[in-house]
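*Asks:* Let's have the full structure, built from the sequences with the hints guiding it.
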Amino acid sequence: MRKELVSFIRLPDFALWKKIGDNRIPLSFDLEVTARCNNNCRHCYINLPPGNKRALRDELTLDEISKIADQAVSLGTLWCVITGGEPLLRKDFIELYRLLRSKGLLVSVFTNACLITDKHLDLFKKYPPRDIEITVYGITRKTYEKVTGTPGSYARFQRGIALLLEGGIKVNLKAMALRSNAHELPAIADYCRKRTRDFFRFDPFLNLRFDGNEERNEKIRAERLSPEEITAIERADPERSAAVKKRCGTLEISTPLRRSDNRLFQCSAGDNSFAVSYNGLFHPCSSLRHRDCLFDLRSGSLSEAWFDFTPRALSRKTTSREYIEKCRICPLMNLCQWCPAHAYLECGRMDEWCEYFCRTAHARASAFGPVSA
Amino acid sequence: MKRLHPDYKRPAIIKNGISIPGTAMIEIMQEVLSRGMSFRFRAGGFSMAPFIRDGDIISVSPLSSIPPGIGDVVAFLHPETKLLCIHRVLYRNNGALMIQGDNLPGNPDGMIPGEAIIGHVTRVERSGRSIKLGLGPERIFLAILSRTGLLEVMRRCAVPFYGYFRRRRALCEKS
Amino acid sequence: MTKSIGTDMVFARSNDVVAREIDGMLIIVPLTAGVGDMEDDLFSMNETGTAIWNMIDGKKTIKEIISGLKEEFIAGQGEITKDVTGIVEELLKRRMIVEAASS
Chain U
-2 MRKELVSFIR
8 LPDFALWKKI
18 GDNRIPLSFD
28 LEVTARCNNN
38 CRHCYINLPP
48 GNKRALRDEL
58 TLDEISKIAD
68 QAVSLGTLWC
78 VITGGEPLLR
88 KDFIELYRLL
98 RSKGLLVSVF
108 TNACLITDKH
118 LDLFKKYPPR
128 DIEITVYGIT
138 RKTYEKVTGT
148 PGSYARFQRG
158 IALLLEGGIK
168 VNLKAMALRS
178 NAHELPAIAD
188 YCRKRTRDFF
198 RFDPFLNLRF
208 DGNEERNEKI
218 RAERLSPEEI
228 TAIERADPER
238 SAAVKKRCGT
248 LEISTPLRRS
258 DNRLFQCSAG
268 DNSFAVSYNG
278 LFHPCSSLRH
288 RDCLFDLRSG
298 SLSEAWFDFT
308 PRALSRKTTS
318 REYIEKCRIC
328 PLMNLCQWCP
338 AHAYLECGRM
348 DEWCEYFCRT
358 AHARASAFGP
368 VSA
Chain H
2 MKRLHPDYKR
12 PAIIKNGISI
22 PGTAMIEIMQ
32 EVLSRGMSFR
42 FRAGGFSMAP
52 FIRDGDIISV
62 SPLSSIPPGI
72 GDVVAFLHPE
82 TKLLCIHRVL
92 YRNNGALMIQ
102 GDNLPGNPDG
112 MIPGEAIIGH
122 VTRVERSGRS
132 IKLGLGPERI
142 FLAILSRTGL
152 LEVMRRCAVP
162 FYGYFRRRRA
172 LCEKS
Chain F
157 MTKSIGTDMV
167 FARSNDVVAR
177 EIDGMLIIVP
187 LTAGVGDMED
197 DLFSMNETGT
207 AIWNMIDGKK
217 TIKEIISGLK
227 EEFIAGQGEI
237 TKDVTGIVEE
247 LLKRRMIVEA
257 ASS
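Chains as they are written, first to last, in the working numbering: chain U, -2 to 370; chain H, 2 to 176; chain F, 157 to 259.
Bear in mind the hints are in silico, worked out from the structure with no lab data behind them.
There's no promise every hint is true.
[Stated by the list, open to error] No farther apart than 27 angstroms at their CA atoms in a straight line, the calculated lysine-lysine pairs in the DSS-like style are these:
1. 219(F) - 10(H)
2. 216(F) - 122(U)
3. 10(H) - 216(F)
4. 123(U) - 219(F)
*Replies:* As structure tokens, then:
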């Protein structure tokens, strides 16, 4: 007779979501709590050694993080992703996590799981995270440690992941498709699918270093699979294959409207999320590292960064003919990793055409699409 | 200050999954559908009024082996805007579908490739009740009316009686 | 059957949740495990529920909340009383509020 007092809306409550979309509320942010890592992965765009003095010196303090989080909460932020480097390397991780949770934030943690202890397990049991996201670099010691460059890391990873899974913590597993683990990828996928909470995904696209370290960039390039290899593994994975095919179906129609528009940022960067790097710099998107798009939260407020700086930084236009003629009107845009942030990391300019992205997009189009480009 | 609310509603707790903006939402929907389950959410917008109204709860179900046909209301990712849209199929041509919102006369979404279709709307709930109109056999008739522009004529006639016929933008959600 | 809610009882918001207002909408974020059901990340309340939530402050009695609600909404005493005790029971069950020491 009486209706239920509790109604359940499965997944996104559209009303709130739409409101947030209209009002430019920073719903979520990535908080890079350190650039240091216990592993030394070949493909990593950020990792510095655990004891790196400069990284340690520049890291945000707990107090600074607390202030940034307070400002974020007052702007309406609901969700924080703690990332790194390896977040658990911070001595104050437990405090940091509790601090963010106590402000009413949902918290996700990106970690390699190697440093998980019973203390962390107790913490996550008591104050559940939204999820713990772990990258599985390999499922044999040889492969895993070839990627991480750290002897003993595979055993630590296995121990950490077992602790979390046995403790019933929400764990999401994912993988990077690398030269060093490509032979094991199907087995990694299988391992992840059997254990992951949500759905498994893998990423074959490697960013170059945020710090521009050329020696490390060479290693990253060497870990990249060729466009043909990427499309081959995408084709071998039915879910991924379906997703790419779906994008192919939407190719041609995207052309006409793009021609007259020379705004550089056509993405959703700065709409509902932002990122903060370990040294307190605000980024409208976590991959966006161009100096004109950074705002120092140590000398200004988050609200300035969000309301004043971000719209200005993202209103940039470009006159680069190469980009306008090659990329802007390209019908393969949907299949391409190109974006101003990636272009900057790849070629040092935000409006530059990048050969590697272009080749990959064309390979995907010819492998999946009805469109010949 | 005293504020009187004439329409008292029973107090209710609403349990939410987190609302994630961006493609994540679409991915979640696709994931749910790919597992053969239907995805239920609150619609926002006016582009399908009066058959689907702002705030209605709609269920999107996976496509069956039979492709969507004339009159079906489908969920798709608009190729140009990347927005999730819930609109009606007017006709088919070579595997692509001409789609338009009932309340967006003369403003079709264009020929949408079959691959862009995520699922079809199987249920609309309003104030706890299931709404059948617009999803039954009459859907074919509605598609024809919409295609010929007659739906718009009927809408105009109905305006004095029906506030919901206001033309407002899109049952499209930002993706 | 849970303990029945008396009109002179006083409730306070639990330390296990944080209530936030985002764009005018009440969002309740559970902090510790076991608040609400397992899989939920967030709770919200409709307008009437929000009005009640805002009056659950560790001071007001249920009776006062009922009369506060009557000032804001047009509805019968019986209906409001039933709804307020209903929602309080529900919140209590989900550990989102706790009984405060009666004043």
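*Asks:* Each hint should be assessed against the structure and marked as holding or not.
*Replies:* Here's how the hints hold up against the structure:
{"no.": "1", "hint": "219(F) - 10(H)", "result": "19 angstroms, holds"}
{"no.": "2", "hint": "216(F) - 122(U)", "result": "34 angstroms, violated"}
{"no.": "3", "hint": "10(H) - 216(F)", "result": "22 angstroms, holds"}
{"no.": "4", "hint": "123(U) - 219(F)", "result": "35 angstroms, violated"}
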